Amino acid sequence: MEFNAKKRQSLAACVAGGVAALLSGCVSTPLPPAAPAQPAPPGPGAAPGSGTGAGMGAGGSAATGSAGAPADPAAPPPAPREFRAAWVSTVANIDWPSRANLSVDKQQAEALAILDRAKALNLNAIVLQVRPSADAIYPSELEPWSEFLTGQQGRAPRPLYDPLQFWIDQAHARGLELHAWFNPYRARHATAKSPLTPGHIANTQPDAVKSYGRYLWMDPGEQAALRHTLDVVLDVVRRYDIDGVHIDDYFYPYPIDAPNAAGAESAALDGGAWQKAELEFPDQPSWQRYLLAGGQLDRAAWRRQNVNQLIEALYKGIHREKAWVRFGISPFGIGRPDRRPAGIVGFSQYDKLYADAETWLANGWLDYLAPQLYWPVAQAPQAFDVLLDYWLAQNTQRRHVWPGLYTSRIDNAGKAFPPEEIVKQIGVTRSRTGGHGHLHFSVAPLMENRKGVCDQLKAQAYQYAALVPAAPWLGTTPPATPAVTARRDGAGLALKLAPGAGKAVAQYAVWSRYGNEWRFAVAPGARTELRLPDDGTAGAASAVVVSAVDRLGNESARVTVAAA
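Quick note on numbering: the working numbering labels position 136 of the sequence shown as 136, and the sequence is numbered without any gaps.
Please note that a few of the clues may not be correct.
Stated by the list, open to error - In silico lysine-lysine, DSBU-like type, Cα no more than 35 Å apart, as pairs:
1) K496 x K322
2) K451 x K424
3) K316 x K503
By construction, these hints were calculated from the structure, which means they are not laboratory data.
Small disclaimer: the values here were computed from a predicted structure and weren't measured.
Could you build the full structure based on these sequences and the hints that come with them?
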């Protein structure tokens, strides 16, 4: 969701201070885990808190963190598992790039700053908006370059480069997943300024695009709109080594009450009952065509069916192309009115956006649901914990449910969150069976360390790295055991890493024991070397245990390494 988003302070200032200065606000002494261990999600692996550790440092050494003494000090615990992500919005330059038409060097420097901050915080995924409004931040034969990247729709970066490929390469080099985020139906944003290109869908297929307030919107009732969005997404899946496809909460548009209104997302978030007179979405031609063909559904059910067709087609199409690319959806966080828990009130995406998220979960048409739970725990009509429990209860196919957190609400507005609210919500999520992940909207407050939120997250929630939870419904075959050797190298151990035959390795999970404590690190699968420095108090690692992890989170048998 992009409404009410606070533009961050210029990323250029962060970059100018250097990476060391950028990361200094997130350094803290490792503490015990913030929450007790929870039952593991379906398939291999353990929940956050069952084991702990720290991530890879930017320079290549393992940044270590105490994991505590397991019951059997001779064997490390299961690898910790938790999806920890941040959305990076490109629309209206909310997150990246900080303004349109930055030089390529500055665009790349800002991207690297975001990725370095994510790694320093022990996040493990970035959800990057690659299609803000029927445009692209990558070279495409289907849609024009985005004006939010270059200042003019259709204009390529100069000198030419591929921003999406750059983000993927740099994320994977840091052991981070990169999920490509698409807006499925928006064709022009209210803040857009440059003219549409001749190749934009509003010009090539004008019957599929409608004006709605200050937006252009693809009509979900038009098969041309469905085919176009499906083609765009599958084109990216085929051409790029992404880890996930992600779509947001914009299906039919949020209703507006005047022809020139910019949108009604803020009113929906405020939590009150929706009572305004609405401007009807102009889909009369596609609706009449449906009726004339013998359609029996009422208009609301027909609209939901239109959206459902896209969701099912995306899920099946993505996995036909690449079985390991996960499909995630981030709907508005309040469920359909006839199923809500007692006391929960507010905007109905089921009736207004025609988004039937409950059906998507029931049919297993997604790999993870990230409901936007953008309200505090104490706000009873939209209580975070009650809504989370609702979505977990809908998850009969046992997909992942990872709530979206409104971290951008840590600001100076009247309804601002304190940083403690976000830490509390992470704790609530971890306390639930099946609560193995969350996403921050958006990366801006993490880049600014607003009100010390990074300090609190690093000290209380993200002391250690974590693997992304596995997706066993997509495959359970583990990779081969890696080949690992170790030798003394000055004041540390130097590991050589090589994958076993067969499946590609996405990451290595590395446990090292110092005294009676096991410490955890994650290394990117492309790494061939890893250095474990000696501890100032405990000395050298007395044992090292390594496993390989594939793209679906399946973990190989472990290998124990002795220093030569």
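Quick rundown of the hints versus the structure:
{"no.": "1", "hint": "K496 x K322", "in the structure": "30 Å, holds"}
{"no.": "2", "hint": "K451 x K424", "in the structure": "15 Å, holds"}
{"no.": "3", "hint": "K316 x K503", "in the structure": "23 Å, holds"}
Consistency note: the structure conflicts with none of the earlier hints.
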